[in-house]
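4 protein chains.
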Amino acid sequence: MSSMTGKNIKISVFGQSHSQGIGIVIDGLPAGFEIDTDSLLSFMARRAPGQSKLTTTRTEADIPEIISGIADNKTCGAPLCAVIRNTNTRSKDYSNLKDCPRPSHADYAASVRYKGFNDIAGGGHFSGRLTAPLCFAGGVCIQILKSMNIEVKAHLYSVHGVFDTPFDPVNITDVNIGEKAFPVIDDEAGEKMQEEILKAKRSADSVGGIIECAVTGIEAGFGSPMFDGVENIIAKNIFGVPAVKGIEFGNGFKCASLFGSENNDPYTVRDGKIITETNNSGGITGGITTGMPIVFRVAMKPTPSIGQKQKSVSISEKCNQELIIHGRHDPCVAVRAVPAIEAVTAISILDIISEDYR
Amino acid sequence: MSSMTGKNIKISVFGQSHSQGIGIVIDGLPAGFEIDTDSLLSFMARRAPGQSKLTTTRTEADIPEIISGIADNKTCGAPLCAVIRNTNTRSKDYSNLKDCPRPSHADYAASVRYKGFNDIAGGGHFSGRLTAPLCFAGGVCIQILKSMNIEVKAHLYSVHGVFDTPFDPVNITDVNIGEKAFPVIDDEAGEKMQEEILKAKRSADSVGGIIECAVTGIEAGFGSPMFDGVENIIAKNIFGVPAVKGIEFGNGFKCASLFGSENNDPYTVRDGKIITETNNSGGITGGITTGMPIVFRVAMKPTPSIGQKQKSVSISEKCNQELIIHGRHDPCVAVRAVPAIEAVTAISILDIISEDYR
Amino acid sequence: MSSMTGKNIKISVFGQSHSQGIGIVIDGLPAGFEIDTDSLLSFMARRAPGQSKLTTTRTEADIPEIISGIADNKTCGAPLCAVIRNTNTRSKDYSNLKDCPRPSHADYAASVRYKGFNDIAGGGHFSGRLTAPLCFAGGVCIQILKSMNIEVKAHLYSVHGVFDTPFDPVNITDVNIGEKAFPVIDDEAGEKMQEEILKAKRSADSVGGIIECAVTGIEAGFGSPMFDGVENIIAKNIFGVPAVKGIEFGNGFKCASLFGSENNDPYTVRDGKIITETNNSGGITGGITTGMPIVFRVAMKPTPSIGQKQKSVSISEKCNQELIIHGRHDPCVAVRAVPAIEAVTAISILDIISEDYR
Amino acid sequence: MSSMTGKNIKISVFGQSHSQGIGIVIDGLPAGFEIDTDSLLSFMARRAPGQSKLTTTRTEADIPEIISGIADNKTCGAPLCAVIRNTNTRSKDYSNLKDCPRPSHADYAASVRYKGFNDIAGGGHFSGRLTAPLCFAGGVCIQILKSMNIEVKAHLYSVHGVFDTPFDPVNITDVNIGEKAFPVIDDEAGEKMQEEILKAKRSADSVGGIIECAVTGIEAGFGSPMFDGVENIIAKNIFGVPAVKGIEFGNGFKCASLFGSENNDPYTVRDGKIITETNNSGGITGGITTGMPIVFRVAMKPTPSIGQKQKSVSISEKCNQELIIHGRHDPCVAVRAVPAIEAVTAISILDIISEDYR
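Protein chains in written order, with this note's numbering: chain A, 2 to 359; chain B, 2 to 359; chain C, 2 to 359; chain D, 2 to 359.
Excised from the complex, chain A in its bound form (with noise of 0.2 angstroms):
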């Protein structure tokens, strides 16, 4: 396994959903920077559990501890490390997953990796608890980006079928979307899309989601062809938040249904500036910045926990069983992995501009 990640900006993720704790530590952040402890944990709370019908009633204080990297309150240029102690655990609910694979989790795959040996107890390393240490590697990020005037916003793009309002990807206004309560452009759109969720829960369902991403204020020029390319970086780090099954920049899948003079981007001289007059790529050729904003939209599935009763096998048997699952979860991953989806793109865009262009 890895769990660590990064070229100049790297991250190594580490814990368990009921272990000691969880945390993070990151490796290559510039040297004087005063990190902002508020407005971090305002940004972690955004996807902190327990503050809605929406989420798992599982609630968890999830204060980051720094344990390292900081010297007079401001980063030092040694790798900061913080540590998240998970304390509201109730491991029993889990008991009888060992044997009895969650379908679409990563139980039986895990199982068969890690020889019987894998921590199954709330998901283990595979839960979607451990975006909580991203959360802070990206919030610390994100204040990094925004010293540089490069920000980084997400929101929730689609639920079961109801979509928000796409980002306008030429211009991009800062409509504070991670203040909302819930995260859409569209307040109607996301009423509707929380009604979605409510029915799916209601009937001991779950369902998926789309978010969309975008980078402001990035110029050209960042970015290498090939392997290191910034689609190719983003791409590889969110596909580590789990639940994310696809993700595509600018157009993306549009593409196969347009003809090249529809989907390429005319330049235009802009203020002494070379800008394009659609943004059709995302702000990506070659897997390089063009200066116009990066916007990508990852596909997440549904919650695989559901309390409906589903067939799985027991492992050790070799036959079939019914399988119910207890335990508290989110009815749509999607809406607290908005702020995750921000944080690890805030971590790749700065490893991405921390490379010497010269």
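If you're looking for bench data, these hints aren't it; they were derived computationally from the structure. Note that the Cβ used here is the ideal one computed from N, Cα and C, for glycine as well. Hints are supplied without guarantee of correctness; some may be wrong.
Said to hold, decoys possible - Footprint (simulated), chain A over chain C, 3 or more residues, beta carbon under 8 angstroms: (1) 4-15; (2) 116-127; (3) 244-255.
Stated by the list, open to error - Derived CB-CB ranges, DEER-like: (4) Ala62/C <-> Lys8/B: 45 to 53 angstroms; (5) Gly162/D <-> Ala62/B: 57 to 65 angstroms; (6) Ser148/D <-> Pro167/B: 54 to 62 angstroms.
Use these hints to put chains B, C and D onto chain A, whose structure you have.
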């Protein structure tokens, strides 16, 4: 930049469209494998240009010369390097593009990134021609995988709104798509796709497409959570193929409109083996293979080089100007990208299964 | 910076001498291994300070808290993280060093590197204290290696011109050096070394040393040519231990005064196994193990912190000034570095043998 | 295996002594640099064989063909690849070695590692001949460094007990060692070294040596603590040169016999710049450059190929047998390794300073 990727099987791609040659180094291959040259050359021929009216009229033999890595006709553990000469180049077609970037090509981004020193001829290192060495390396990996009963196959799933029959993700039968002149499952759909492509060509335009790829015969338990998962690695590498703008595994973006009860894959036992009845996960949960086929789709944008007059700018003078692109181009890059997607997938899968999962 | 290393077994070290804590993440350990905690703590105790008059008077319990990576008392495949709290810190001892760098410490170089924001207290992230988490991770790896009959042991080979008996590189017998209070083979030589150290201490000075380390029980065929050889990996990691200034394998620098006929290791067959009669290669040829013990020596500089008045400068005022270092320091870092060298070696060896050499 | 290394400047080395060719890919070079071909060829000529009675009689022109990475005579940001053809090969000299490993060569270890499929001819991928592509890449890096006023130079410091004058680590003057036929500072010492080498050659034997290398003009503040330090990176790469068995920085192993008060480098201000009066640290503390010259020494073993009868075994029959090595070999590999050490150092230094240390 980095045109290197991989952990256990590492590749290093080099070359520009109009340099002396293009090529690849593959490091980490098992020793003692005898490459079937005929089979490799016919695999590479699938992406070679000049085969039909659907592709560019640039013709090149594209015969790779193996520089190293072989002894007594078998891989010897040393890095395998192959060089393909560039012969049929017409660089004067590109002389005007240095200052006038082609819309949705890498020209402008690369010009900023490399301070104007990037090789513009034929797209330089950003050219789709770089998929030739990828096909060399991938062709070798495909043979090695086949010796382990793992197969990689892809088809053109969609072109400009016309759709092929998708793979049945549970039972992918050997339809020998690779041997067809036009790589689709449903030949009637293939006819319509070709009509769309020719229609675009006639109007000096291009069209996008979607490629679907599957890996069969791979056991459960390969891959890792978070950043070294099967999805992360495949995604990172697939975005190395020019023109790719999206990737989705299993149900992918369709997840967003499904209930968990619809998307979850129920486990069952068949012939003493644990399988899933459906394969909406695309063979991967938690980054780890489930033992079901790996299935994913790749979105490819329309060829940005089109014959129509387009809006561009002068980089040096920061003013608008019109552009007409000359040169020879595929009206639909997705067609010849099918073997490239297979190649990069095979390289990725061999890298993944060459991990020590003790 | 990167305080991360490793390919298959990856570590991420964090912490400063006076931060909340120090610690390490280990990613890639085999699942299902039960750590012997008592044995681990006694291994870690070998490097802990405050044990004798030879070491610093700073005393810390140095009990690691395992945050993650364990389930049902066994490694579960998830990253193993341990945190050690810093308790006995006296940062005021260091207040004057921010502007007045200690000779041959990292102070000045780090001040330039981190623009003055580096944590100076106790040496910050450059402190020898960071060997504690290395010993945690190495202690775990030593146990895993032992279960495969691979042993790592080191002794203090030289201190200030006094030499211990070297390992017999062909037959390294288990002399249990690790259980000795002073880690030498020849206790008489050890007495003399201790006298040298105390003599230095009395004159507010320090002395350097050489540590010899051996790995037994490792089969032939591990490692790779060029940059992933056993020597490359061990060297890269050993230079991560503070104060290391050199490393040599087998005959090392002595090679320069030998004939090939003296230095070559003749092959012979013993008990049906191919071995070498001598082991001047230190168990490695072409970067690959020969099946003979791996033997190398590590040069460690004298503790740069000495009590004598020294010449330094004011960084801010660019003028000369005298420096007297307060604080508590080992008069010979090599003594407590012995387990740290074993630890880093064990981490490196486990990384190397966790490669898939099919 | 991995014959790839580097983070910002990455190289990928390929080829065997008797394959079609050998070569290297360099990825990450700054764009817009014009390579001085004459200067590069004369640098490469310094390691080429057949120049004197001190070296192997195998002669090869060793002219690199640049396959890619150049446009309009300047680096264009794309990977630079060069191939050198192997022409003067006599593989029959090696036919008996497949089963009868040469003492202290990689033959036996490689045979186990690669299950007998390794290329034995001329040492295969383990051959000293692989330093030719390293010299190509290093020669380019040396030119780029020179344009930043950073210089790399090495001399033969010791051969079979005869010592050259060491570099003055504080003031390394340009003695143009590289232009000498025999690369020493003190030509009288050089004469004696040559006598030693010829004496060894006459008795069908070989001798080892030590190379001292220095990097001047490098500012303070490059490098990082722990595993990405200047020492770690140089050491990791230098052990990639065949026959290297040790490396030491600054006082290195001599540290062990010194007091801290002798080994510490006092700071002082000269011409408004902070320097050290001595440079026992070899220009590096805490893994980071101090602004003083980087100085290190590399131990090289005697050429293992000697003309005398030696003890070996039959790998297949597991019995003892005698071996006489034919073929053409240098009696002292250290001589021609001098430019190779410079080359690998230059690659490492350019990699280090290409980090973004904002």
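Here is what the structure says about each hint:
1. 4-15: holds (count 6)
2. 116-127: That given contact holds, which follows from 9 residues of the region 116-127 of chain C lying within Cβ reach (below 8 angstroms) of chain A.
3. 244-255: With 0 residues close enough to chain A, the hint is violated.
4. Ala62/C <-> Lys8/B: 45 to 53 angstroms: 39 angstroms, violated
5. Gly162/D <-> Ala62/B: 57 to 65 angstroms: 58 angstroms, holds
6. Ser148/D <-> Pro167/B: 54 to 62 angstroms: 55 angstroms, holds
When held up to the earlier numbered hints, the structure conflicts with 3, 4 and fits the remainder.
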